[in-house]
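Position 16 (the sequence shown) corresponds to 16 in the numbering used here; numbering is contiguous.
Read the hints as simulated data drawn from the structure, not as lab findings. Beta carbons: idealized from backbone N, C-alpha and C, even for Gly. Some hints could be false.
Stated by the list, open to error - Okay, derived cross-link-like pairs now, DSBU-like style, lysine-lysine, Cα gap no bigger than 35 angstroms in a straight line:
id : residue 1 : residue 2
1  : Lys-3     : Lys-129
2  : Lys-42    : Lys-61
3  : Lys-2     : Lys-61
4  : Lys-29    : Lys-52
5  : Lys-129   : Lys-42
6  : Lys-54    : Lys-42
Stated by the list, open to error - Here are the simulated distance ranges between beta carbons:
id : residue 1 : residue 2 : range
7  : Cys-122   : Ser-24    : 48 to 54 angstroms
8  : Val-45    : Ile-111   : 40 to 46 angstroms
9  : Leu-124   : Lys-2     : 37 to 43 angstroms
10 : Phe-95    : Tyr-133   : 17 to 23 angstroms
11 : Thr-12    : Tyr-112   : 55 to 61 angstroms
12 : Val-56    : Leu-98    : 18 to 24 angstroms
13 : Leu-114   : Tyr-92    : 36 to 42 angstroms
14 : Gly-46    : Leu-84    : 34 to 40 angstroms
15 : Arg-13    : Arg-134   : 32 to 38 angstroms
16 : Leu-118   : Gly-46    : 40 to 46 angstroms
17 : Glu-108   : Ser-130   : 31 to 37 angstroms
18 : Ser-130   : Arg-13    : 34 to 40 angstroms
19 : Val-14    : Val-56    : 39 to 45 angstroms
20 : Tyr-92    : Glu-44    : 18 to 24 angstroms
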Amino acid sequence: MKKIGRISALNTRVVRQNSVVSLSIIVDKMRFSETFSPKIYKYEVGDLVQIKYKKVGFLNKIETIRLIAKNSEESGLLARIENLFFLLVALYLCFISLWVIYYGITLEFSIYRLFVTLAAACFLFWMGKSAYYRFLIFRYFIFG
């Protein structure tokens, strides 16, 4: 099973002389637990994570945990202006690629035009995938 959410509570305990960190977190009112190596431990309260887990009795055992966004990322005014600039540039490039696809399909067939149209379609797919992950971050950090 999968769960995406913000970490609302975090309890850690060092086990066996810094060789293992026991982690217990609460994401969207569900408690998860697992032990990790201290080298890969990097989570804080408020981070957006994706958890794959399985239910073992009354415990939710973490199989994999992936950090989507840190709580402290992109909170300043300069970072917001930079994100707005990149958003406008990405929208402009999407309109250009839509124009290339439209004229690549409607004009006469050429192998070069076909490759350019395929490249524009791949670019649009990549931008859509990027926008989907950005929307996940916005949904959890802006709309809370």
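Fill in: Hint numbers not upheld by this structure, sorted from lowest to highest
Hints 7, 8, 9, 12, 13, 14, 19 and 20 not satisfied by this model.
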